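As given, the protein sequences belong to chains D and R, one line each in that order.
Numbers 1 to 356, taken from the working numbering, label the letters of the first sequence in order.
Numbers 1 to 547, taken from the working numbering, label the letters of the second sequence in order.
Incorrect hints may have been included.
As the list claims (entries may be wrong) - Below are the SDA-like pairs computed for lysine to any residue, each with C-alpha atoms no more than 20 angstroms apart in a straight line:
no., chain 1, residue 1, chain 2, residue 2
1, D, LYS213, R, PHE145
2, R, LYS514, D, PRO214
3, D, LYS78, R, PHE502
4, D, LYS213, R, GLU147
5, D, LYS213, R, VAL62
6, D, LYS72, R, GLY420
7, R, LYS514, D, ASP247
8, D, LYS213, R, ALA124
9, D, LYS213, R, ALA67
10, D, LYS213, R, LEU156
11, D, LYS72, R, ILE336
12, D, LYS213, R, TYR143
13, D, LYS213, R, THR56
14, D, LYS213, R, GLU516
15, R, LYS514, D, GLN53
16, D, LYS78, R, PRO499
17, D, LYS244, R, PHE512
18, D, LYS78, R, PHE500
19, D, LYS213, R, VAL63
20, R, LYS514, D, VAL73
21, R, LYS514, D, SER77
22, D, LYS78, R, LYS514
23, D, LYS72, R, PHE500
24, D, LYS78, R, GLU516
25, D, LYS213, R, LEU58
26, D, LYS244, R, GLU516
27, D, LYS286, R, PHE500
28, D, LYS72, R, PRO499
29, D, LYS213, R, GLY153
30, D, LYS205, R, THR56
To be verified - Taking CB as the label site, the calculated pair distances span:
no., chain 1, residue 1, chain 2, residue 2, range
31, R, TYR143, D, LYS213, 13 to 23 angstroms
32, R, LEU40, D, ALA89, 16 to 26 angstroms
33, R, ALA124, D, THR67, 37 to 47 angstroms
34, R, LEU40, D, ALA196, 30 to 40 angstroms
35, R, PHE311, D, PRO329, 46 to 56 angstroms
36, D, PRO316, R, TYR143, 21 to 31 angstroms
37, R, GLN334, D, THR307, 28 to 38 angstroms
If you're looking for bench data, these hints aren't it; they were derived computationally from the structure.
Computed from a prediction, not measured in an experiment: that's the story for all the values here.
No residue lacks a Cβ here, since even glycine has one placed at the ideal position from N, Cα and C.
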Amino acid sequence: MRVTGIENGLRNSLKNSPVILRWLMAGCVAVCLWLPVQAFAAGTINIYSHRQQILIQPFLDEFTKTTGIQTKVVYASKGLAQRLQAEGAASPADVILTVDIARLAEYANLDLLAPVESAVLTANIPAHLRASDNRWFGLSERARIVVTARDRVPADAIQRIEDLADAEWQQRICTRPGSHVYNRALMASMIAAHGAEAAQSWAEKLVANLARKPQGNDRAQAKAIFQGICDVAIMNSYYYGNMKFNDDAEQRSWADAIRLVFTNQADRGNHINISGGGVAKHSRNKQQAVAFLEFLTGEVAQQLYGTVNYEYPVNPAVAPPAELASWGPFKRDKLPIERLAELAPQAQMIIDRVGW
Amino acid sequence: MVATFLSNWSLASRQPIDKWSASTVVLCCFLLGPVAALLLTAFGDSGGLWAHLVDTVLGTYVVNTLALMGGVGVVAVLFGVSAAWVISRYDFTGRNILEWMLLLPAAIPAYIIAYCYTDFFEYAGPLQTALRTAFGWQTPRDYYFPEIRSLGGAMLVMASVLYPYIYMVTRIAFRLTPASLFEIALVHNKSQFWHVGLPLARPAIVAGLALVMMEVVSDFGTVEYFAVPTITLGIFNVWLGMNNLVAAAQISSVGFLFILGLLGLELYARSRQQYVSTSRTQNSPAALPTTPVGTLVCWLVCLVPLLFGFFIPLGVLLRFVLRGDLAADFLAIQPIVTNSVIVAIAAAILIMLIASVIVLTAAFRAGPKLRKLALMSSTGYAFPGTILAIGVLIYAGYIDHGLRFLSGGMISSFLIASMGLLLLAYVVRFQAVGYGAMLSGVRRLPKNLMSASRVLGHGYVASLRQVILPLLKSSFLAGLMLVFVDIMKELPMTLLLRPFDFETLATYTYQFAKDEMLEQAALPALMIVLTGLIPVILMSAMLRRYR
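Make a model of the complete structure from these sequences and hints.
And the structure:
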């Protein structure tokens, strides 16, 4: 019945359609006039972020509260480097935030970042977690760990990431697709540790051990363990915290089903990646942009990384929050993080070859 | 390519330059800018990556893409054509409601439906849980259940939301088939569907299918979520994994040429559509009465696509939404709804105005070359959204640079960092939809209408205003609504090109859905569907005018 009403209304309005068209055009002109939104305001820094706004908002609020500097954000998962490049000198961006070393390196390779001389940053961030030319800086650490089924796999069954190639795990491993940036970085760390040939042979055996076609994100792998689809999975450590304290009871049960395994504790340490940032080359607010990065490596923000998203602080002077500490201390792979970005293309090629 | 095309065009026309044609050429070339920027990028050095790709993954990409296109095509044609046939040929209870409901899946973005389907069909989802309870199974090893995150799953999911493209045009074609032809089939005891309806509707089906195929080839969200390695997924692996934008642009361009082939197919189909189009002296066929069993069959034919394309995803979203605090959640996203609607309306109007100018000039003032250029200007649709967005960025960078140079630095940025960038991207991508809607409207007009008006002493503009445009109102509005729905759903370009602190429903949904936080993503996703419903209902009301 309602549809007939709409239809009649539409027919009537169609009879008078020149009026509609005129209104449409007037509206169009009005919108066009409203268009050029200029984004340069003093006392405001503009951020291009590869990390969702919901995750960085607590940091931004805290920063504005402390310094009075306002922030504006564009979030996108891919292509921001190309956007910055196309904008060139006219770009309104001041700060770049990313979630992976490969993204940071992309900005650096395209020459989109300004070198920053800051004693605070150098003091707060260990050398292997920042660029040798001071163009980008690691802001938090995320460990890529192995998780196992609490009720089906003994606590010390897996010691090293290399163990995933053992025949014992046939049809028992789940991962997300190999070409995801987290797995690509892990693959790069294997190349760094063993060379390309051995790394490829490891990847081949890992793929042969998979219980199902690689799919979903890291959370979906914990879910698969909970469901009994597989017994072992690769996961970024913070997913565990996110599931453990989730509003959704179902996700909490996924966290209960898994045990965290920090790998390679007897040799090079567990593979880690960083979230990081840098100052845009053509930023008009460089001073405030640097202040923002410094804020992110300070006590308050470093704690926030742990409480908001269960990531580890990079600042050695800041202890991780209690929850993170309860997962146990662990030895980190101290490979200069830049190597992961350098080896990424080679890692992707291996991933293509083995069909991960 | 465009340049050669242009020079041929200008060489061929010896007449004084007509300002309508000239401005249309300029407009089309302006719209082709981002595509040209991508093709230019593809001429760079890809560092020998092709050998590696050919050796390893390219075969898989191509096979999967073709299989996906084939599968989605078959299912979408099956859904769209069978529904169109029963709706236009049979008179049964509930037909009026089903007729417009069948368009509803068009309002659901493919990336949302993928999340919903996974939730519904996976091991912990309601379907398998119910099966386990019913049959007493304990673990996944006790029974077989098809994996939804697979090539087959992607086919089903995409076909379920894309079939309306085919349904819409096919239904009109069936309706415009003269009754006398069906009567001839009846007299000769031949099937009305196989011997009359289907052959005469073929051009329309192919036209709808071409749009479906372009959507399939350019889709990223669904294939990524279902882990189906298609060419588009490969483009992103090469670009982001190997930091090789050049090779990514090259793969995109190959895909683009493939799409041009499909467009050629569409052009061929549309050129044969002439004899289908109505001659108004013929009666449309009367709908046939049905028996109770027949009614049941008709309902089944209509409800199956609706179930997959609308009710299952809607149910999943509602289940999540009703779990939360609806009022508070809605208040929180209300400004985002406003943003989305304003931008979508503004862009839709702009696109329809541009498409109208291009189509009208191509139809009434210009020769076949301009018509081909007009068709080419709508090929932005064939690129994956993010890749096209990069083309738009490169292009906008050039324009701003040029303006800065010409104005001596007075204008520092015109497109960059403004809403104009996003509007440009929408126009480049969705011009195809507006173009298609206007063109099909123009095709339905008697050929000599414009000439008659001109002979009677009206100028071109006066003829347009007084004779042609009033007859195209419904096509304009139909296009407007289609484009509106498309922009409401659009994700990758909006995500990358938006100004600071600007959220649409699609981008807001994405930041949750990306981490599989369906509870938080459900309400904004539902709002996309609901705002998309309004134009779908309006449009279907309008389409009835063709009865």
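### Message
Hint by hint, where does the structure go against what was stated? Just the numbers, ascending.
### Response
Result: hint 36 breaks, nothing else.
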